[in-house]
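Enquirer: Each chain, written out:
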Amino acid sequence: MLEALQFKFIQKAIIASVFGGAGCGIIGVWIIMARIPFVGIAMSHAAFAGAIFGLLFHVNPLVMAILFSLISSALIGPVAEKTDLDPNISLGIIFSLLLGVTFLGIGLLKGPKTEALNFIWGNILLLSKPDVTLLIIVVFVIFLFLMLLFKEIQAILFNREIARAVGIPERVIFYGMILLSGMTVALSLNTIGGLLIFSLIINPPSAAYQLTYNLRTMFFISAIFGICSCMLGLFFSYLFNVPSGAVIIIVSAVIFGLSFIFSPKRRVKYNESS
Amino acid sequence: MSKIVEIKDVTISYRENIALRNITLSIEEGTLLAIIGPNGAGKTTLLTAINGLGNILSGSVRVFGENITPGLRKGIGYVPQSVAIDPRAPISVRDVVMIGRLSKVGLFHRANHRDEELVESAMELVGIKELARRPIGHLSYGEQQKVAIARALAQQPRIMLLDEPTSNLDLKAQREIIDLIDSIYMKKQLTIVVVTHILNHIPPSCKRVLMMKKGRIIWFGAMEEALNNDLLSGLYGCPIETVRR
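Protein sequences appear in the order of chains G and F. Just so we're aligned, residue 708 is where the first sequence starts under the numbering used here, counting upward by one. Just so we're aligned, residue 192 is where the second sequence starts under the numbering used here, counting upward by one.
Derived from the structure by calculation, the hints contain no laboratory data. One should not assume that every hint holds.
[As the list claims (entries may be wrong)] Estimated spans, in silico, between C-beta atoms of each pair:
no., chain 1, residue 1, chain 2, residue 2, range
1, G, Met-854, F, Glu-315, 51 to 61 Å
2, G, Pro-785, F, Arg-253, 21 to 31 Å
3, F, Gly-256, G, Phe-857, 30 to 40 Å
4, F, Ser-251, G, Leu-804, 35 to 45 Å
5, G, Phe-967, F, Lys-199, 49 to 59 Å
6, G, Val-848, F, Gly-328, 58 to 68 Å
[As the list claims (entries may be wrong)] Chain G is nowhere near these chain F residues, computed Cβ spacing over 10 Å in every case:
no., residue
7, Gly-256
8, Glu-257
9, Lys-265
10, Ile-282
11, Asp-286
12, Ser-294
13, Glu-315
14, Gln-346
15, Asn-359
16, Asp-361
17, Leu-371
18, Lys-378
19, His-392
20, Ser-396
21, Asn-419
22, Glu-432
Ideal placement from N, C-alpha and C gives every residue a C-beta, glycine not left out.
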């Protein structure tokens, strides 16, 4: 394995694992604490649909993935707020529409569909330098956003109505969180794939949620779990020549399982009832 | 006394319904006002008119002598009806109370020593200082309601709005909250508006009562005059008899 580190594609994969894993871990905390997990699905499928239409119309798939993701992020906020349906139902409808659009696009592609199928499960070993550079920039922006506005984000994730009532500009910050989430999802498409990236947004923060009552710590643990999932996925993918996206998701699910089993929150409840 | 809230001919919608119709109301500074009425009367919506969270279709609302804007909310302490809190929510009691200071702290700034002192004194006034480090989800409903009141107090508001502060509480907790509101009013002489549909839960220091029904104000006057059997029976649509102790 160590000799493999000299290869540029492995180096890029490692960097993408660190930044993509951390980015998905952080935005995942926003998404699960705001109780809108379907946002993750909707955005990942929007990015996926964008990439497929990029291939269809011979436009850079990453650019189209980002564009579709940003448009869906801009719509998701108001949809989550203004429809009479439960937000997750509204988002479920958007997600199913996007999935239909995606597979329509795949169906319309002429010739081999290999490149399109790569967007389904991703390939962390085929990342380009611009992919990785953009991912690093976005994750730094997310980190800065979180650092500068942590106290407001904490208030919004606790209760949006109360945050608005005390005078915090919660709508702008909330929509900002959704937009940055959309960017991260779009840029992680090549790493994990459109169908699987939802799991990397949900599993690490869900695991972190089992382990702490402190939001700052939760962000940190979630980022670490995201990085570990990606790094271990890359390692096992290299070792056993298996799809990296799938292994990353399985590792993140195992981490969640272990966190759930050994959760100190469950231990307290057990002791109180015994 | 100056008028701290002036509502003029306001109509507010809630989804597709009109929740408040042509409401005109003035509240003088330093008043403890109780708003009572049956469910669906528009009591909560009236509070959202004052703090600007409601969807105002027509009319004007002036608070502190200015048209209501998001910025003015810094001076309005709002305690909404009890909110369900996840028992595993990763936020401590102190952090929840600190939320009340955030608009005064400002974006891109950190809370300073003064903010922390105000948070501590709000928790002390309300009697939850020993719970400061506990996760908010581990508290009883009564304790969570005290945290909400401490959060509103930490804002150093000029007016406090409390929406059904005793809902979902047991008898002891109800009494504690009512006494707490009364004590805050006596100590700080804030303008306090309390919404309740339980007449026994009006704080003892309350001098003014507003009665609402079907989105309209049907009576506004002194507490002593509000305790009228015919008036209350008409308001709630069932026989009511008041008993003085």
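Enquirer: Need the list of violated hint numbers for this structure, in ascending order.
Expert: 1, 6, 9, 10, 11, 12, 14
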